[in-house]
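Knowing the structure of chain E, use the given hints to seat chain G on it.
Order-wise, the sequence lines are chains E and G.
This note's numbering numbers the first residue of the first sequence as 1 and each following residue consecutively.
This note's numbering numbers the first residue of the second sequence as 1001 and each following residue consecutively.
It is worth saying that the hints were derived from the structure and are not from the lab.
Treat the hints with care, since some could be wrong.
Some but not every residue of chain G turned toward chain E, in silico, with C-beta under 8 Å [said to hold, decoys possible]:
id, residue
1, Val-1085
2, Pro-1088
3, Arg-1160
4, Phe-1162
5, Pro-1164
6, Gly-1233
7, Phe-1237
8, Pro-1562
9, Asp-1563
Pair ranges (Cβ atoms, derived) [claimed, not checked]:
id, chain 1, residue 1, chain 2, residue 2, range
10, E, Thr-56, G, Ala-1283, 20 to 26 Å
11, E, Glu-53, G, Arg-1107, 54 to 60 Å
12, G, Asp-1367, E, Leu-71, 58 to 64 Å
13, G, Ala-1104, E, Leu-71, 26 to 32 Å
14, E, Pro-76, G, Arg-1263, 25 to 31 Å
15, G, Ile-1095, E, Leu-71, 55 to 61 Å
16, G, Ala-1063, E, Val-61, 49 to 55 Å
17, G, Ala-1283, E, Gly-72, 34 to 40 Å
18, E, Glu-53, G, Met-1115, 48 to 54 Å
19, E, Glu-53, G, Val-1215, 35 to 41 Å
Each residue gets a CB set at the ideal place from its N, CA and C atoms; glycine is no exception.
Letter by letter, the chains look like this.
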Amino acid sequence: MIRADAFLLSLVVISALGVVAAQHQSRQLFSELERQQARARALEVEWGQLQLEQSTLAAHVRIERLARDTLGLRMPPPGQMIVVEPVQ
Amino acid sequence: MKKKPVAVTLNHNPLLKRDLPAWRARIVLLGLMGCSLALVARAAWLQGFNKDFLQAQGESRYARVLEVPATRGRITDRNGDILAVSTPVRSIWAIPGDARLSPADARALAGLLGMNVNDLNNRLGSARDFVYLRRQLAPDVAQRIADLRLPGIHQQQEYRRFYPGGEMMAHILGFTGIDDRGQEGIELAFDGSLAGKPGARRVIRDRRGQVVEDVESIRPPRDGEDLALSIDGKLQFLAYSALRDAMEQHKAKAGAVVVLDARTGEVLALANAPTFNPNNRAALSGAQLRNRVITDTFEPGSTMKPFIAALAIEQGRVTPATAIDTHNGRMALGRATISDTSRHEVLTVAEVIQKSSNVGTVKMALDFPAETMWAFYDALGFGSPLRLGFPGEASGRLRPARDWRQIEQATMSYGYGLSVTLAQLARAYLVFARDGELLPLSLVRQEGLQKAGRRVLSPDTAREMRTMLEMAAGPGGTAPRAQVPGYRVAGKSGTAHKLEGGRYTNRYVSSFVGFAPASSPRLVVAVMIDEPDGGQHFGGAVAAPVFARITEGALRTLGVAPDMPLTPLRTASRPAGEAL
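With the rest of the complex left out, here is chain E (with noise of 0.2 Å):
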């Protein structure tokens, strides 16, 4: 009897250790899920802001200005073109 006892309540102590860790285990998943979250939302973030750098640099007004005055591009005569036809 005081052997079965001592079994169960075994199981009891082991069981509710489980379920400490198992808890614990949890507390520390969820907090770097959420540490991982902040980060893809800071990266998403910083993306955007990238994004935006990156457009205004390749933003059509200046592209034409520095092709035009800094590097002296302009538009070639009609009789400067060639017309490259695909072979049929």
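Same frame as chain E, now just chain G:
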């Protein structure tokens, strides 16, 4: 004398010896039972009936539900280039009662906020519980303010919308308010899908409000969906810069351009002037905000004439070669006289369109019953909204045929007495560009196959009209300046007197609607210039060069093969058999 001692023992206390009545014990017992019953009842009340309320109350003392912000979707052009994006900013607010700053702290804070110290102190001295010190501050500055750890100064995260395209894209995109909700344009039209849904999570906080532990996620935030417009950034830039230069050259009051893809009905560019910078809307006027392509109407003038010719040909009443006597450009109709700008005697139908003869057009139009003409205009979409989903879309005005008088039917044939939007006019020209089919327009990039259009004209009529419109945009037409090297173009100019206070004035709306390449149309371009004041006002002189500049650049950008030899033409062919 001797006294007899009284025998007293502790065991025999006479007081104890007295018999107590039995009811007293029972009363005490009942009293004790009553008390314990009361305790049990109270416990049952708290544990049983009131449990949820009390638990919630207890939890609310330490658990909090925090909002997890969601970002608003991005808007891109058809190639994926960013047109609008939200980035986080912070707003600084204060509880004036808690904010007791030393003069040095106040100076440091005012410096970071970019405010005057006195202004800051005035705000902090206000009697309210909550004051914003500065809204939408850059995150790095906000972090430096947070590092000062000042009492009573708090921050909240917000989003601010940035528009890298600036004034170029302003009218199509619209803008959002300070709360990141759409207020105009696409931002308002698609607010439902662009706006995110904030999530929520439960956390445990300590007495000072610091988050000690995350408990659970109640619902994850749902970010807004990205939206790809049909607009092509390069074409938009072309259209906007061509329009801006024309506005300066002709000292015009306003102007608008719309470019359509003739194959899909997508709007590739939509530019307006005057415009505004959506990133800085401090000094906005109503004129700057108006979207003249979709929400403003005007009397189209001669750009309506090709539709009358098309209807006459479609009904078999004329062919392009039928001769019409234009009576030297004058025709009396009741008490009114209809006259032409350039006078001719006998013109063919094709020449009526080429030379833009009012008299010739009226003679064709008065052959139809009013209902037929109304039904054709209605089938072309005039008088009904385009249903683009754009806020404030105008439907234009096309009165029902039963109250048309003869003179009204006559003026409507050359574009007076009805009003249209520039987008409606450009769309109606799709019937010429697409062999007689009309497509619904779209501001959003179309994926996959476009559903079939609605047939309004037979393919033969549409082709004959294309030839006529090519003549109108060629030498001998009203708009030879619409020509583009390397491509055949077709189109019609329009010059309409403006109606002010019930009278037609000598102020004009100059327009040009056309398509290119004429052999297999790819683009429909419509240009409208309001009140040009630079000495020229004819559509062929004011609007046609804008059309030419946009069409030339756009066709080259899209890589459309030239359908007319460049002069002098140089071609390079690959040797046969070489792989492409």
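Against the structure, the hints come out as follows:
| no. | hint | result |
| --- | --- | --- |
| 1 | Val-1085 | holds (5 Å) |
| 2 | Pro-1088 | holds (6 Å) |
| 3 | Arg-1160 | violated (11 Å) |
| 4 | Phe-1162 | holds (6 Å) |
| 5 | Pro-1164 | holds (4 Å) |
| 6 | Gly-1233 | holds (7 Å) |
| 7 | Phe-1237 | holds (4 Å) |
| 8 | Pro-1562 | holds (6 Å) |
| 9 | Asp-1563 | violated (11 Å) |
| 10 | E:Thr-56 x G:Ala-1283: 20 to 26 Å | holds (23 Å) |
| 11 | E:Glu-53 x G:Arg-1107: 54 to 60 Å | violated (33 Å) |
| 12 | G:Asp-1367 x E:Leu-71: 58 to 64 Å | holds (60 Å) |
| 13 | G:Ala-1104 x E:Leu-71: 26 to 32 Å | violated (52 Å) |
| 14 | E:Pro-76 x G:Arg-1263: 25 to 31 Å | holds (28 Å) |
| 15 | G:Ile-1095 x E:Leu-71: 55 to 61 Å | holds (56 Å) |
| 16 | G:Ala-1063 x E:Val-61: 49 to 55 Å | holds (53 Å) |
| 17 | G:Ala-1283 x E:Gly-72: 34 to 40 Å | holds (37 Å) |
| 18 | E:Glu-53 x G:Met-1115: 48 to 54 Å | violated (28 Å) |
| 19 | E:Glu-53 x G:Val-1215: 35 to 41 Å | holds (38 Å) |
When the structure is compared with the earlier hints, violations turn up for hints 3, 9, 11, 13 and 18 and for no others.
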